[in-house]
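Asks: Dock chain R against the given chain V, drawing on the hints supplied.
2 protein chains.
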Amino acid sequence: MFESAEIGNTLSREAYEREMPRLRARLIELQSQLIERRSTEVLIVLAGLAGAGRSESAHLIGELFDPRHVQVVPDLPPNDEERCRPPMWRFWRSLPPKGRIGVFFSGWYGLPVIDRINRRNDQAHFDARLEGIKRFEQMAVDEGALVIKFWFHLGRKDQRKRLEALAADEDTAWRVTKEDWRQAKSYRRIRNVAERAVRETSTGAAPWFVIEGLDRCYREIAVARTLVDEISRVLAAQDEDAAAAKARPRRTPRRAAAKRAAPPPLATLGETDVLSALDLTAHLPKDDYREQLPHWQGRLARLSREKKLSRHGIVALFEGYDAAGKGGAIRRVAEALDPRFYGIVPIAAPSDEERAHPYLWRFWRHLPAQGRMVMFDRSWYGRVLVERVDGFAPEPVWRRAYAEINEFEQELVEHEMIIAKFFMVVSAAEQLERFRAREKVAFKRYKITPDDWHNREKRGDYDAAVIEMIQRTSTELAPWTLVEAEDKHHARIKVLRTLVETIERSLDR
Amino acid sequence: MFESAEIGNTLSREAYEREMPRLRARLIELQSQLIERRSTEVLIVLAGLAGAGRSESAHLIGELFDPRHVQVVPDLPPNDEERCRPPMWRFWRSLPPKGRIGVFFSGWYGLPVIDRINRRNDQAHFDARLEGIKRFEQMAVDEGALVIKFWFHLGRKDQRKRLEALAADEDTAWRVTKEDWRQAKSYRRIRNVAERAVRETSTGAAPWFVIEGLDRCYREIAVARTLVDEISRVLAAQDEDAAAAKARPRRTPRRAAAKRAAPPPLATLGETDVLSALDLTAHLPKDDYREQLPHWQGRLARLSREKKLSRHGIVALFEGYDAAGKGGAIRRVAEALDPRFYGIVPIAAPSDEERAHPYLWRFWRHLPAQGRMVMFDRSWYGRVLVERVDGFAPEPVWRRAYAEINEFEQELVEHEMIIAKFFMVVSAAEQLERFRAREKVAFKRYKITPDDWHNREKRGDYDAAVIEMIQRTSTELAPWTLVEAEDKHHARIKVLRTLVETIERSLDR
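Order-wise, the sequence lines are chains V and R.
Residue numbering for the first sequence follows the numbering used here, beginning at 904 and increasing consecutively.
Residue numbering for the second sequence follows the numbering used here, beginning at 904 and increasing consecutively.
What the hints contain is simulated information worked out from the structure, not anything from laboratory work.
Check each hint, because a few of them may be wrong.
Identical copies look the same in the list; a pair holds intra-copy or inter-copy alike.
Unchecked claim - Below 25 Å or equal to it, Euclidean Cα-Cα: the simulated PhoX-like pairs (lysine-lysine) are:
1) 1189 to 1391
2) 1361 to 1060
3) 1350 to 1391
4) 1149 to 1037
5) 1001 to 1347
6) 1361 to 1088
7) 1211 to 1081
8) 1391 to 1347
9) 1350 to 1001
10) 1060 to 1350
11) 1037 to 1001
12) 1361 to 1350
13) 1081 to 1210
14) 1149 to 1391
15) 1064 to 1081
16) 1361 to 1037
17) 1343 to 1391
18) 1081 to 1060
19) 1064 to 1088
These figures come from a predicted structure and were not determined experimentally.
Here chain V stands alone, though its shape is the one from the complex (with noise of 0.2 Å):
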């Protein structure tokens, strides 16, 4: 994988006199559509040995593009606002727009790997962790973006002196730092790793480049090349998707989302789903509800002190059909808890800097710290929802956020924490008679749009999304919960009990 990297590769000073300035100036085009056309956000990812040009590479970037669209995300150590959360969330945080370059220090990369060569890890966990950078990647490119990953290379003889070159020069001593020479020590067990790495995760979507560090002319060039020809690569392909669009004149899937395997429809077997077989008679006598509200409230109300959630985010979120009652039950929860310990995230119709970046951006964003809860009022469900079923998303890209969803869920169930994903039910009938209702009081009347009567017209079609859905994405790890919701006390008593059953569940474990 690296050895044409280590054979001290180099070229001429004419060459690269001769190449540069033409791979400027078509770099500055394409950076120039890129702008224009905003469709694209680039991620570039400068990882390799020390001393094998990751900050020249860096400099180069802003010097070929006009600088004020690239933004650079250093390999800090997490702060701690970012510590308190799953680790992508500090990369999701700082994914630049659509039209921008983001340059990013070892990236998503930086830590499995640190933490591989320090053993920190063991081969199963790196493997699984490189498991979960293919997935990010290929979302991100599945949502438009174009990911470069470039690892610089030396032999290691050629790593020695060029950091030894690097610490006698004055202007670049302050580079060379210990880790770089305690990394050149353990040049074998880096360059395993790193392999590792490099060769799990060079996927179709997202491939490495591998490039010999040594000469500065051979390097500057193989990147530059690489940039044109990624660049002007994916903005041929949009260019051919436009065209294709144009010429079938219905709406038709973008070729790279069309192209991925996307499980077909899920057949229906027996002559119930789980929205049939759901008993909306289910009823809670009022007398019960004023005595079981102040239990569970208040077992809630413990629960959210307790020194061990300090370790949990607890993510609840509440999906259903329009006046199904999500608003009320989201109150009785909200009321049993320190207004301090929660936050509510109502999802409406996207900003235009959330469009701007890969779907969940808008819901990572956010995502509780540790020892805090959100509930999401409509959720990223959305997208195998309301925007299947108005045609808002396309078949292959709702279809394959199913996997992304689940994929999601699970990062955060893995990095502790919890989920409550709630579907709340109510009957055709029942919900025209609370739209009605909700007609007659002025200060509901805005509860009530144009939205919910269209929304009425496609029950059939939104059933068959929510059926799928919840066989698609109720897994182990963060299951759905279906609340008949016809009866408003037996819906919010539901609601808090399981959410108090599934917190003190991950707590025990």
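Replies: Below, chain R without anything else, positioned relative to chain V:
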């Protein structure tokens, strides 16, 4: 000030039951207006003595409103990210967008008051911080926010009784901390400091509401009534404004803004102004440039690695005529630096999230941490330049922006930030030549837009705006540097040299 909140105010249960349902219904109605209009964010500050009902009131607010549109900001100690920026940064980042309600525990009063109580701050410093707070609140209100500040109070003996009662109850004991008991012991001292804070910051824009916390019924009705009064007042004022705007077809300033005294336009006394006094023939021969560029870049690079700099963030902002060479100057600065040291923020049209916050929010969010530098390509001066000239901001709005900007920059400088402000000037003739040259080069064409031609036509108005901007905002703390940019070499070296000297001066201080 507090006497009337130390007399044991109570309200009968019957009176409470009579009034609360009405207030509750009214608040939900008012909130639905807030959500619909999205023109006002409500900032509620909950401050007061331990045991006087802050937590309960936060809870109450969550119950009175639809909690999905309420966000609570606890009074945690600042985290890593917050500590390395000016103290107000953490509040700017947690400001709710228009349409939402933010509940701040102690908010921006927390640290100043605590510091004064513990005598970490003398009276003069305390007063200065209160002045800063007043300006912040005035700005927020001018920008459309509603600020409601509650001080929950108790008589000395009542406080002790209340804490004892809370501590005796199993469900509330956790809320009484050692710090609370400590505070109860320093009752007199805390009362004095708080009284000064409340007195000094009770302004027309953002008055305090002092509420005795002894009796729950009394306290809750007082809070709910205040909320109803304040929110109705603001909504009614907006209705009046809208009606007035309809009556007079021409754009009229918003009432709240118009009421504030703004300085009149400056009279020009002499024949010359800062722009015409500028010697645009300033020129640097190419050979000198080639010699000086590495000199100043090297000095800047070495400065950026100075230990002392780790206490300072650097803000460099670039304004100027279109095609004056801002981009080129920024590149020459960037070239000198480690890419991890700086960021570049190009300022274009605000995103919808930015529009939902006070004007300066979009700049606060990009402020550098200590030890880092951010270059703004265009800046907060847009309000008194392009927004003034093109009429995007009504006159009272851009008039008050001068003071807001000076206060903003003062706040940065007071917290060890280094500011360099560059305004780059080219003649109309040279500008025209550069426009034409850009149009000829394919990959530079994106740099020239219809806006640029439009701006050219308004050069006279723009000049006037520049002259007034320089006069009003070139302060000793943050002076403007006018850059003769007719000759690019001269301009770039002047920018680099000024930046180096500005940083050196700050480090020597």
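Asks: State the violated hints by number, sorted upward, taking the hints as numbered earlier in the document.
Replies: 2, 4, 6, 10, 14, 16
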